[in-house]
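S.K.: Those protein sequence lines, which keep their order, are chains G and P. With our numbering applied, the first sequence has no gaps in its numbers, which climb one by one up to 330 at the end. With our numbering applied, the second sequence has no gaps in its numbers, which climb one by one up to 330 at the end.
No wet-lab data here; the hints were simulated from the structure. Possibly wrong hints are sitting among the right ones.
Claimed, not checked - Some but not every residue of chain P turned toward chain G, in silico, with C-beta under 10 Å:
id: 1; residue: 52
id: 2; residue: 82
id: 3; residue: 87
id: 4; residue: 88
id: 5; residue: 93
id: 6; residue: 98
id: 7; residue: 100
id: 8; residue: 102
id: 9; residue: 114
id: 10; residue: 117
id: 11; residue: 246
id: 12; residue: 250
id: 13; residue: 253
Glycine included, each C-beta is placed from N, C-alpha and C at the ideal position.
2 protein chains.
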Amino acid sequence: MQITVLSGGVGGARFVRGLVTSLHQRGEEGADDATDTVTVIGNTGDDITLFGLRVCPDLDSLLYTLGGAVDETQGWGREGDTRLLMEELGALGVQPQWFGLGDKDLGTHVARSLWLAQGATLSQVTDRLARRWGLPEQGVRLLPATDTPIETHVVVPDGDGERAIHFQEWWVRHGASLPALRFTVAGLAQAAPAPGVLEAIRGADVVLLPPSNPVVSIGIILGVPGVRDALRGTRAPVVGVSPLIGGRPVRGHADACLAPLGVEVSAAGVAGLYADLLDGWLVDDADAGATYPSRVAVRSLDLLMRDTEGAARIAGAALDLAAELAGGTR
Amino acid sequence: MQITVLSGGVGGARFVRGLVTSLHQRGEEGADDATDTVTVIGNTGDDITLFGLRVCPDLDSLLYTLGGAVDETQGWGREGDTRLLMEELGALGVQPQWFGLGDKDLGTHVARSLWLAQGATLSQVTDRLARRWGLPEQGVRLLPATDTPIETHVVVPDGDGERAIHFQEWWVRHGASLPALRFTVAGLAQAAPAPGVLEAIRGADVVLLPPSNPVVSIGIILGVPGVRDALRGTRAPVVGVSPLIGGRPVRGHADACLAPLGVEVSAAGVAGLYADLLDGWLVDDADAGATYPSRVAVRSLDLLMRDTEGAARIAGAALDLAAELAGGTR
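Start from the sequences and build out the full structure, keeping to the hints where you can.
M.R.: Structure follows, in structure tokens:
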């Protein structure tokens, strides 16, 4: 089975880890054959150049989480990391200091920046990193949404006017507390899907949308020219998992991202964003009673991903719904 | 008193630290006034770009040693450093792994590379780093010999032919064990002395040559167009300290560097390299009986720099000889 996932960072990474676990469990139970492959299309709108180094937070969260090397408490960065290099930059007065990069983590960024400077594409760089973290052995292929450098900026009020700041400055430094007037993504209109991205969507048996941020994670991937059309056109059922439970994000600041779009901060509001491409939608039991787009099959369950087993349970439910939809009369 | 020092890395850094200590002791004794300033002109021929980062080993040894942050055992790098970033690069298959860069140390290289990329000169970068390490408070100004990127390469035999490798590859990776046919310095002929370098030599009251490598450290500085002429022309006495004791380098591989020049591996051989600009020459007692260039005043003493006090003693002897020469009939 070819499974394609559009993913943001921490939440998406935990979902994909659960998905891999779920597929492994199903394989042992004989429910699936052994040829499952998971293609993860990762958001690159969060990418940022810090200290001359290219940082891809969402791709790295996916790599470290699947590689068993993530700092589980943070959900991002490397387990057991130190910050000696950043402390030295701080002593030298180099800004910004609000984005925490560990010494092990910086190894990734130094290597990535070096390879990019040598002419490798982000896809090629990501493939090398994926091998480091054993993704192929898990049947997982990680693709950046695009090899074109893109960066999400957030337009915020500034006195009587407004100004644009990098997404990470808004998200990490300000904790999404500055009101976002709108999001702009530098480079997005001219971005090309990375090699394999459209094929992975068109050729999939199932497409999954994890409980990632619908605006600044999955929304960015959908904005890469061609991706949304591919999702609308694929014969695979597209099944998503709500990132909101009872109108609140499980993690992160999806509420602050939905507000400027005028979208209701709810599982139904997010489903509406995906209405043109969504076939199935998993919501929390708390949201079972809401009204969803009519063509979308909605199922409710406990959506809190407490651990990998919990993520596997939710991913399994998404696969079940996809199977149900594929067997139906789409 | 304006003291100008031409310095390589570890040995030069220890000598300069001893010089600062000696000046402090003399100041307390009332032998000198409080306005001593030391201008150190550091070798940049060792510089190397690793992993896309610009590394200046000799300047950094000077900075860390004077800043009290050097790894005393190694003589270079930061005290109490770790190598998590390099280990990650190793796990990613990024070469070379033979040049050890610690995590704190890499903070310097990341900042330097960032500032250079932003358009700062190496002089400006070095000045920022010098402030970090408290050099101005010690009356020390550190100048790179040149802001022009230069790199020393070593031509070594290769089958029936020869090949050039970076100085650091020869020195660090191979421990100077490959026979050097000759040294070439990319960029040297077109290099300009960094701002202040020629003025510091011309306007000095004393010029000191520490026991640094005469070929690949001081020799490179002397090769920057204009520097050698300034030394020949300065009215200040030029006093050097032999890097060889009993025909052997105290540290490093000066012997392997002198051989391809056809220069005798001895204190007298090195003095001959400086004969056109040298006024005073400190040698070890073991070398007191040798024949030196006739116009050079030679004094012998115990030249082993066992610790900072020992370095201060040698630096003080160099200052004494300079004072003697300045009071004489040059």
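S.K.: May I ask which of the numbered hints given earlier this structure violates, with the numbers listed in increasing order?
M.R.: When the structure is compared with the hints, numbers 6, 7, 11, 12 and 13 turn out to be violated.
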